[in-house]
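Asks: Line by line, the protein sequences are chains A and B.
The letter at position 194 of the first sequence is residue 194 when you use the UniProt record's numbering, and the numbering goes up by one with no holes.
The letter at position 9 of the second sequence is residue 9 when you use the UniProt record's numbering, and the numbering goes up by one with no holes.
Among these hints, one or two may not hold up.
Stated by the list, open to error - The calculated DSS-like cross-link candidates involving lysine-lysine, where the alpha carbons are at most 30 Å apart (straight line), are:
#1 A:K16 x B:K144
#2 B:K144 x A:K144
#3 B:K16 x A:K145
#4 A:K16 x B:K145
#5 A:K198 x B:K16
#6 B:K145 x A:K144
#7 B:K16 x A:K16
Claimed, not checked - Listed next, the stretches of chain B that the computed footprint assigns to chain A, with coverage defined by at least 3 CB atoms under 8 Å from CB atoms of chain A:
#8 70 to 80
#9 105 to 113
#10 187 to 194
#11 203 to 216
Keep in mind that the hints were calculated from the coordinates and are not lab data.
Every value quoted in this text rests on a predicted model; they were computed, and no experiment measured them.
Here a beta-carbon is modelled for each residue, glycine too, at the ideal position from N, C-alpha and C.
Protein chains: 2
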Amino acid sequence: MQAAVLTIGNEILKGKTVNTNAAHIGRVLTFSGHTVVLGLTVRDVREEIVWGFRTASQFADIVVSTGGLGPTFDDMTSSSFAEALGLPLVENPEAMEMIRSRLTARGLEMTENRRKMAMMPQGARAIRNLAGTAPGIYLEAGGKKYLVTPGVPDEMRSVLENAIELIADRNVRYAERSTLVRGIMESSFAPHVDEVMKMFAGRVYIKSHPRPRGPRGPEIELEVSASGQDPEGDVEGALRELERRAASMGGEYSRI
Amino acid sequence: MQAAVLTIGNEILKGKTVNTNAAHIGRVLTFSGHTVVLGLTVRDVREEIVWGFRTASQFADIVVSTGGLGPTFDDMTSSSFAEALGLPLVENPEAMEMIRSRLTARGLEMTENRRKMAMMPQGARAIRNLAGTAPGIYLEAGGKKYLVTPGVPDEMRSVLENAIELIADRNVRYAERSTLVRGIMESSFAPHVDEVMKMFAGRVYIKSHPRPRGPRGPEIELEVSASGQDPEGDVEGALRELERRAASMGGEYSRI
Numbered sequence: 001m002q003a004a005v006l007t008i009g010n011e012i013l014k015g016k017t018v019n020t021n022a023a024h025i026g027r028v029l030t031f032s033g034h035t036v037v038l039g040l041t042v043r044d045v046r047e048e049i050v051w052g053f054r055t056a057s058q059f060a061d062i063v064v065s066t067g068g069l070g071p072t073f074d075d076m077t078s079s080s081f082a083e084a085l086g087l088p089l090v091e092n093p094e095a096m097e098m099i100r101s102r103l104t105a106r107g108l109e110m111t112e113n114r115r116k117m118a119m120m121p122q123g124a125r126a127i128r129n130l131a132g133t134a135p136g137i138y139l140e141a142g143g144k145k146y147l148v149t150p151g152v153p154d155e156m157r158s159v160l161e162n163a164i165e166l167i168a169d170r171n172v173r174y175a176e177r178s179t180l181v182r183g184i185m186e187s188s189f190a191p192h193v194d195e196v197m198k199m200f201a202g203r204v205y206i207k208s209h210p211r212p213r214g215p216r217g218p219e220i221e222l223e224v225s226a227s228g229q230d231p232e233g234d235v236e237g238a239l240r241e242l243e244r245r246a247a248s249m250g251g252e253y254s255r256i
Numbered sequence: 001m002q003a004a005v006l007t008i009g010n011e012i013l014k015g016k017t018v019n020t021n022a023a024h025i026g027r028v029l030t031f032s033g034h035t036v037v038l039g040l041t042v043r044d045v046r047e048e049i050v051w052g053f054r055t056a057s058q059f060a061d062i063v064v065s066t067g068g069l070g071p072t073f074d075d076m077t078s079s080s081f082a083e084a085l086g087l088p089l090v091e092n093p094e095a096m097e098m099i100r101s102r103l104t105a106r107g108l109e110m111t112e113n114r115r116k117m118a119m120m121p122q123g124a125r126a127i128r129n130l131a132g133t134a135p136g137i138y139l140e141a142g143g144k145k146y147l148v149t150p151g152v153p154d155e156m157r158s159v160l161e162n163a164i165e166l167i168a169d170r171n172v173r174y175a176e177r178s179t180l181v182r183g184i185m186e187s188s189f190a191p192h193v194d195e196v197m198k199m200f201a202g203r204v205y206i207k208s209h210p211r212p213r214g215p216r217g218p219e220i221e222l223e224v225s226a227s228g229q230d231p232e233g234d235v236e237g238a239l240r241e242l243e244r245r246a247a248s249m250g251g252e253y254s255r256i
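With the sequences and hints as input, model every part of the structure.
Replies: What follows is the structure in structure tokens.
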């Protein structure tokens, strides 16, 4: 299925924080059989988060968000998510229990700011967060799946792991592998990349990345990926063809 | 002005590559007096790149893109950018000269794939890329500024540096600084963050990030930022107020 990743947080847009979360989510979605078609990053602004969920769900069947689930004033993902879907925001009993047991274990009081983390759209399922207080939110609505995760990387990973069975597609497998070609310029090798992709009739995707010039001249990383029934076989076949062509042009290659 | 960053490339969506480019561009835009309001990442697919430029320009006055300017089949940013703006794609003489002189210096031939890198929307200005062959593209259209940069990080940085005078806003200054508060939970300190922001009537933005629990208990990073005439003064005033409140709750703090 097609998937989108929505990142919420000014610090990402400002570049104060590098968006490693989106990369991790993209990785997990890809290896779970999905094609990530869109990434959106919005500010901690209600209307912009609402827009983000709506736009992501326009292009994707699965939307995974990260950020804005904490206790502070600018954590408004849950209520914005409810608004985007036109659902009422209600106290989720599962979420409340998760928060309460975590606070109790630490000898902390329930406060208004902490209670906020149990507010979820009606019909949502709370997903356990083993690395922090705010539970994740899972919801199916309008034929789409939504997973809302916190922004702290460990917490995002915990929620994503605990929801993976709900979002993984077990019918599609994915494989990828790269080869490093030395001694040929990317622009000289480009026509071969085109031709090899055509040989595999849409089953294989090849991305070429020029690398900093090495001691043996230009270097290109060729990343081959495939989804489907036999992705490993397709990837292997395409790599062999690329390597054969590189060798015939006097290039060297090595799998990476 | 409001700015948007558009990243083009499947490898970013898949999470194979972490989007450090968007962070760098976000940093440069922020310190150049702009507010980054949106980040978009799209695949190497023509219609999606067109959508990306149109959507970004709907929300921002300045759009900076990265990726898809190279010589391979999936480098289609320039033509998609022209399509998004409804401009014809023409051979840019400045760009052609930049490419030709780089190829000559390396004893390389002009090929169809390399010539493609000189094709730009009509009216565009080629921006020198000191780290690679593909020049950047600068264009003003419909009251908006566009800067199109390559995806290889060194090349993106080179083009961004060479275009900074065209996009920087010299009338607005930006400042940010953080303090680390120890011994207070984020959810306990959240109401103070709200109050201090209100004290500075919209001039100051405070983001709180919980950090992994340290030896002295919970830790919160408070990032204070401001834009305007005296951003340093506002940041300093807000930090002092936050630290005073942290101390009165028994917390410790240190500038970071």
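Asks: Each hint: holds or not?
Replies: Cross-check of the supplied hints:
Between K16 (chain A) and K144 (chain B), the direct Cα distance comes to roughly 25 Å. Compliance with the 30 Å bound is thereby established for this hinted pair. For the hint pairing K144 (chain B) with K144 (chain A), the CA-to-CA distance comes to about 35 Å; that exceeds 30 Å, so the pair is violated. Note on K16 (chain B) and K145 (chain A): the hinted pairing holds, with a Cα-Cα distance of about 23 Å set against a maximum of 30 Å. For the suggested pair K16 (chain A) and K145 (chain B), the alpha carbons sit about 23 Å apart, so the restraint of at most 30 Å is met.
At roughly 23 Å between alpha-carbon atoms, K198 (chain A) and K16 (chain B) fall within 30 Å of each other, so this suggested pair holds. For the given pair, K145 (chain B) sits about 36 Å from K144 (chain A) by alpha-carbon distance, which is inconsistent with the 30 Å threshold. With a C-alpha separation of about 21 Å, the suggested pair K16 (chain B) and K16 (chain A) falls inside the 30 Å cut-off, and the hint holds. With 5 residues carrying a beta carbon less than 8 Å from a beta carbon of chain A, the segment 70 to 80 of chain B meets the three-residue requirement, and the given coverage holds.
Coverage of the segment 105 to 113 of chain B by chain A holds in this model, with 3 residues showing a Cβ closer than 8 Å to a Cβ of that chain against a need of three. Figure legend: the segment 187 to 194 of chain B, annotated as covered by chain A; annotation consistent (6 residues with Cβ-Cβ distances under 8 Å, at least 3 required). For the segment 203 to 216 of chain B, the proposed coverage by chain A is satisfied: 6 residues have a C-beta within less than 8 Å of a C-beta in that chain, meeting the threshold of three.
In summary, the structure is inconsistent with hints 2, 6 from the numbered list given earlier, while agreeing with the others.
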